Amino acid sequence: MEKEWFTISVYSENNVGLLNRISGIFLKRHINIESLNVSKSEIDNVSKFTIVNYVTEETARKVVGQIEKQIEVIKAFYHTDDETIFQESALFKIKSDLLFDERQIQNIIKDSNSQIVTVARDFFVLAKSGRRSEIEEMHDQLKPYGIMQFVRSGRISVSKEKMNISSLLIEEFKEN
Amino acid sequence: METLKAKKVETKKQATIKISGAEAIIHCLVAEGVDLLYGYPGGAIMPVYDELYKFQDKLTHILARHEQGATHAAQGYARVTGKVGVAMATSGPGATNLITGIADAQIDSTPMVCITGQVHRHLLGSDAFQETDIIGISTPVTKWNYQITQASEIPEVLAKAFYIAKSGRPGPVLVDITKNAQMDEFDFSYEKCTGVRSYKPVPEPNIEAIDAAAEIINKAKKPLIVFGQGVILGEAEEELKSLVEKAGIPAAWTILGLSAMDTDHPLNVGMVGMHGNYAPNVLTNECDVLIAIGMRFDDRVTGRLSDYAKQAKIIHFDIDPAEIDKNVKTDVAVLGNSKETLSLVLPKIKENKHETWHNLFKEKYQIELDEIITPQLNPTKEGLTMGEVLNQINIASESKAVIVSDVGQHQMFACRYAKFKQTKSNITSGGLGTMGFALPAAIGAKMGAMDREVVAIIGDGGYQMTIQELGIIFQHKIPVKIVVLNNEHLGMVRQWQELFFDKRYASTVMTNPDFVKIAEGYRIKATRVSKREDLKGAVEEMMASKEPYFLEVRVEQEDNVFPMIPTGASVSEIRLK
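Top line first, the protein sequences correspond to chains Y and R. So the first sequence is numbered by my numbering: it starts at 2 and just counts up by one. So the second sequence is numbered by my numbering: it starts at 36 and just counts up by one.
Source of the hints: derived by calculation from the structure; they are not laboratory data. Quick caveat: nothing in here was measured; it's all calculated off a predicted structure. One should not assume that every hint holds.
Dumping the calculated EDC-like pairs for lysine to aspartate or glutamate here, alpha-carbon to alpha-carbon at most 20 Å [stated by the list, open to error]:
| id | chain 1 | residue 1 | chain 2 | residue 2 |
| --- | --- | --- | --- | --- |
| 1 | R | Lys-361 | Y | Glu-3 |
| 2 | R | Lys-201 | Y | Glu-69 |
| 3 | Y | Lys-63 | R | Asp-486 |
| 4 | R | Lys-118 | R | Asp-366 |
| 5 | R | Lys-560 | Y | Glu-59 |
| 6 | R | Lys-388 | R | Glu-398 |
| 7 | R | Lys-195 | Y | Glu-14 |
| 8 | R | Lys-361 | Y | Glu-14 |
| 9 | Y | Lys-63 | R | Asp-366 |
| 10 | R | Lys-235 | Y | Glu-59 |
Residues from chain Y shown here face chain R by an in silico Cβ test under 8 Å; the list is partial [to be verified]:
| id | residue |
| --- | --- |
| 11 | Asn-21 |
| 12 | Ile-72 |
| 13 | Ile-75 |
| 14 | Pro-145 |
| 15 | Gly-155 |
Backbone N, C-alpha and C define an ideal beta-carbon position, used for all residues, glycine too.
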């Protein structure tokens, strides 16, 4: 079976230690987590983990089975890139002088559809959301001018299919 | 549901009492039906021990000689009773010493609650004396764990701990309680846990899957059942027997499934796996339908996966969805509690005999009987065999004893040759293969079944890993029968060295102490046997004893366990020598 990118989404209680328990499942199988994001979800008091891995579908299925088995996990899913809408965010901190000295910088900002978050005397900060490749491209373009700091977030994603997770969860909650 | 809710309201109305967290822990344990626990005191758990002292009439605490012994004793108790075993330890090294037992309970699905003391809340993370991150350490080997840092959390968390440990696929739960939470007072009231919203312990049986399974079973010409501990945990022994008899299907078992079905039942065809019986292993690759019930296709069972039952349709009954298609791809998965799913499938099963198919098992059994079993049970060579010791125990105990085995050659001999008439009678460390398991587990098993004989079968290697638990037997006069099969080697590793490492016996030869004297040091009656003519009498004397009894049998030093499926070989490539 071919390896591909899978986004694993985990809906869970918001409890101390659960991140450790979930990451341990990847550790046990010697799988590298490519990206991880934890946030609130569409359901009150329910957290959502978004975990990206480059694995076979069989591995993704087994890992999801192990994750779902954890007491505080409500439901877990896996999706291919085609099945989800996803993006990442990045921040670039750049010397303010460059904004005036290097015309090309302004073109990069326009072409990349990024936003200026703040401008200070010494530096300004650009924010860019999009696919990993778009962020990489912008990074490569800015790099020759000097990037003071760079950070990229984990992937966040929603599924394309009309799988009504919230109503499914509400059903489960009603049972208990 | 309504009545449940009504009850809840009633308990809530009960007047709360202001007590310390430590006292609350005792009340929680009593409310969960615990009357016995194993443990070891220390600084961070002292408030609880102080309460244990006050409540001696309600709770018996047995002092282990090492915390690992406490966990195995709790496991032995849980395995023989089906109840939750409880072990307690202090923070730091006390807690880390529990880990082996917890890992064992996790992989063998044993319900256990471990309570550990922890440093004061304000000291957490400061590398305080005897502080260790036991939550972090135990996470991969627990079904659930939780750190309590304030007294008021105690009732709810402990109720949840017992519920999670016992429900669904059982497992170990660790609750770590900071010292301030043990000492602080709060308004106590207790309510049993009946559900956790994110946790579905038992999947609903799917009727379509039940129908599909029944149809395949009814059409099968050469069906084979392989059952595991799921039958015992689900208390589905009767249902299994009915299925086997109605459909006339030969039934084999995994090491942890042993004793779920009478070993002398005509359709019981023995053990599958690495040192299992010849017929069920070879015929796994000839059956047309393989019905797996409450087992998880461990690698020791399947041998080389790519050649495991490829010709057969696979039906997998299990409570844990994560086990389905984990190792072996199934055609029909029947999720649910085994008692419930087997009851649903039974009425749909047509009566059958499968005589020709069954005769194949008899033929293969004859081969194993001639080549292996007879020479093992009625040996002509001088040295004593482990099999003949087991045979004598079967005779003397009328196959009614609980057999607790350790890990290694003697374990394989015990599981191959011990006879059982009653379920929950074979206690052994299956998945983790924990040497040192048997002595403390036998203590727990005996205390859980005082009306039954409990015989621990242990090798000379494993015995010395937890030998200090003789102290419990001595102090509390627990009438466990201890049989050490002494071959002066780490026998199983030595066997592998002989077969696969050109007899390079690296660190497997043991110079042992005088085991009889050690037992006598603990005031335990002890005998040693090294001649065949003395064996029967010694075993009879041991079984007749009302007191704890130690029997050392000096067995052949370089005997091997056969049949054997070498690592990486297929079940059909099982070796008879």
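Check your understanding: Taking only the CA atoms, is the gap from R:Lys-361 to Y:Glu-3 under or equal to 20 Å?
Key -> Within the cut-off at roughly 18 Å; holds.
Point to revise | chain R contact restraint on Y:Ile-72 - CB to CB distance below 8 Å | key: holds, 5 Å
**Study point:** Hinted contact Y:Ile-75 with chain R - closest CB pair below 8 Å
**Key:** holds, 5 Å
Check your understanding: Are the Cα atoms of R:Lys-201 and Y:Glu-69 separated by 20 Å or less?
Key -> With a Cα-Cα distance of about 18 Å, the restraint between R:Lys-201 and Y:Glu-69 holds, given a limit of 20 Å.
Exercise for review: Could you grab the alpha-carbon distance between R:Lys-560 and Y:Glu-59 and see if it respects the 20 Å cut-off?
Suggested key: violated, 56 Å
**Study point:** Hinted contact Y:Gly-155 with chain R - closest CB pair below 8 Å
**Key:** Violated, because the Cβ-Cβ distance from Y:Gly-155 to chain R comes to roughly 22 Å (cut-off 8 Å).
**Study point:** Straight-line alpha-carbon gap R:Lys-235 to Y:Glu-59, limit 20 Å
**Key:** violated, 23 Å
Check your understanding: Hint check: is the beta carbon of Y:Pro-145 less than 8 Å from a beta carbon of chain R?
Key -> violated, 44 Å
Exercise for review: Please work out if Y:Lys-63 and R:Asp-486 have their alpha carbons no farther apart than 20 Å.
Suggested key: violated, 44 Å
Check your understanding: Within a Cα-Cα threshold of 20 Å, do R:Lys-361 and Y:Glu-14 meet the stated pairing?
Key -> violated, 26 Å
Point to revise | 20 Å limit on alpha-carbon distance, applied to hinted pair R:Lys-195 and Y:Glu-14 | key: holds, 15 Å
Check your understanding: Within a Cα-Cα threshold of 20 Å, do R:Lys-388 and R:Glu-398 meet the stated pairing?
Key -> holds, 17 Å
In this structure, the hints that do not hold are numbers 3, 4, 5, 8, 10, 14 and 15, in rising order.
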